[in-house]
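Order-wise, the sequence lines are chains A and B.
Position 32 of the first sequence, counted from 1, bears residue number 32 in full-length UniProt numbering, the numbering being contiguous throughout.
Position 86 of the second sequence, counted from 1, bears residue number 86 in full-length UniProt numbering, the numbering being contiguous throughout.
In case anyone wonders, no lab produced these hints; they're calculated from the structure.
Keep in mind that a hint or two might mislead.
What the hints assert, rightly or not - Derived DSS-like pairs (lysine-lysine); straight-line CA-CA distance at most 27 Å:
1) B/Lys106 with B/Lys224
2) B/Lys86 with A/Lys58
3) B/Lys104 with A/Lys137
4) B/Lys77 with A/Lys137
5) B/Lys63 with B/Lys86
6) A/Lys58 with B/Lys83
7) B/Lys83 with B/Lys103
8) A/Lys137 with B/Lys63
9) B/Lys208 with B/Lys224
10) B/Lys81 with A/Lys58
11) B/Lys224 with B/Lys85
12) A/Lys58 with B/Lys106
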Amino acid sequence: MCEQHSWLRHSDYYVPDGETPGLPGPVPTAEELRRGYWRWLRKAPAMPLILFITFWRKLISPLYGQVCSFYPSCSAYGLEAVTVHGLLRGSALTTWRILRCNPWTGGGIDHVPVSRRIWPGHVVPRIIETNHPPMDK
Amino acid sequence: MAFLDAIMWPFSWAVSFILSTFHSVLTFLGLDTDSGWNWTVSIILLVLVVRVILIPLFVRQIKSQRGMQIVQPELQKLQAKYKGKKDPVSRQQMVAEQQALFKKHKVNPFMTCLPILAQMPIFFALFWMLNRIGRTDGGYQVDGYYALSPEEVIGFSSSDIFGVGMSDIFLLGFNAEPTMWNVVILTSVMIVAMVATQFFTQKQLMSKNMSEAALTGQFAQTQKMMLYVLPLVFVIGGVNFPVGVLIYWTATNFWTMGQQWWVIRNNPTPGSLAEKELNLRRAAKGLPPVGEEARKAREEAEKPKGQHLGREAQPNRKKKKKKKGQR
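This is chain B alone, in the form it adopts within the complex (with noise of 0.2 Å):
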């Protein structure tokens, strides 16, 4: 534990301290110091806190995820291409062109999942914190936890809402006797709110922001696997997580229905059922069409979404090529 908490160490003390800032701002704005609604407000501004500073993060993995969707056919050329040649040169040859066409499109298959990987720890801080402010015998009520002072610790452990602790579990609250309903309805109620933000967010994004060459392949079977293994991370995590934990989480996935929404209503994949709305819309309002010339691009060279992603990189480099060929 002490090697972990070494490491854990900056993000435990920034989650304590912006937590901390919030509730002393909040406290000052007249919301009572022990009540448990001033804790939850300030986990839900540290939820958007974290997500601002992700929201870099985030442009890179739409960016990803679509040169993701551009490559997916291409790539399935390619597989076709090197269909049972087994031998040591053509997989070779297949691997380099599989990554020269990852490079060509600016793909990193690793940065889709960056922004989960990214909360990670902060969500570990969060967790290890409510875990152990509520236990007596750590002396964290004492000493304080990082940035925290005893008396916070002591207020942040004791606080509730409806009568629900920041460190109840379903599960325990569930199996102690008599149950106790409340945590039980409360993290329950949740848990639903998690699953559906998650789902809704996924659907809408198969749905209407994916072109019709994504919709088949590898790519869309991942996306349908994530619409259904993730809900069950959520009800899986959901009853063994402190309260705190949950409006985290909640808090954060909301977040991410309203970051999907707007970049699919404003900014839609070329080629999706989304930008055909957008479409309508700037047609409804007198403005011209979007991503119309990327689609006349990728009818002549048969690439699509050509505009979107390597307006520097691209064109430039057929050109190039081109001249050299003819030289």
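Just chain A, with the same shape it has in the complex (with noise of 0.2 Å):
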């Protein structure tokens, strides 16, 4: 285990602006590892919503434009809420923020609840790192 650096966490997205976010952290425990690195067959049942939504903003956001008036857009939100939190809690996260996404609530930033799910640095899904650009101070 020479590439102990590279495991990243879903919480190492979430740092005060000015800082770097994604930056490996601790060497994770092997409990962390067996609960929060899922394979294939654990990601697969959340797989069919993810392909759904990817190609939802590959094709049918881009016909609309921007309406969205929080930060992740619903369809960003929604991507990164499947990934991370999987079928069921990521489900229901979405249509949540969906139901709230609108003329009354006025937006503002919201990100997905932080998860435990950790992954080998080169295989991090790319919706994480659009949704957590660095920030200025």
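Mind docking these for me? Both chains are given alone in their own frames, and the hints should help you get the complex.
Right, here's the structure in full:
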């Protein structure tokens, strides 16, 4: 395990403004890896939904431009939620967000709640990096 | 239904309790127990109680609406600033700035629809009550309905005004054989009254109580939509709701109209036509104009209505920032 530093947690992307998101934290324990590293079998149930949202973002979102008053936009939020929280919790979070996306909430910065997921550095889903860009202070 | 009943329990209980109390008082004052007018007046008194309770909410709604009007031009500037920038960083910055703007002007967009939402449970409680007390199979005529005694349930469901029962519905009356014309006419009159009051209220708000800046842009668009969508809601709802609910709805609309009229007359939005009229009236009485200072401040700082909304917060913050910068 000489690549120990390349493990990235979802929480590594939640940093204060001015700091760089996506830097590896302490070396994960075996327990953390067991719970947080999802291989393809555990990821499989969410896959159809992930594909659907990706498809939606590629083809349908560009048709109407940016209309969401939140950051990340609803589709970006949904994709990240399903990717990091799985099918059930991810769908619930996404539904709740879409319900909140109306003229009376005013929008705002609203990130997906942190999950326990952990990835080897080179396979972190791209949506997470997109949704958590490095911000100036 | 049982689940919804559990949620609605406090509202059902409160509505039936208030109605029962007013009905007893009116009976004591000499109105006929089984008369529909007794129950009609009780419903109107229920509206008074509910609307008086909701006044603080309405005040907050007005404040929020005015904040929204102030924010609108700045929001447009912000949108222009970030136009065409699609990278995540600028998007996030834009949303953050927008949020800061709302916070600074103490705007909560949710507040603008809260008074309507807050009335919903009471409305549903009344709707359910009227739908149920008329039925003989529900057991309500034996056990009573929440705070209503069995006698009151029977009296309520069999009472009528102009021969129209409290639980009668336009569509059922219209489709009945033969057509119950008294139901159709009474409900139609009430639907027309609701649409007219709503239309008048909204029209008055838009023509008199919006500042020039707010009359353009998205906010005005939303208001315009309300002008035509709400009457539609009233018509669609009106033909499906029992007479008792229509009485509530009509009365609450009249209250809204009066409340709006009072607010526009005595506390108009700064920079609106209504404010000019108020100042003319005050000038005729020899009183100093209102909102004039705010106007001067706006010319200096390009911040409309600074005086009204942010009296405590805004000027202080500005000074602090300047001082920090100078040092």
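(request) Report the numbers of all earlier hints that the structure fails to satisfy, in ascending order. (result) Numbers 5, 8, 11, 12 - these are the hints that the structure violates, sorted from lowest upward.
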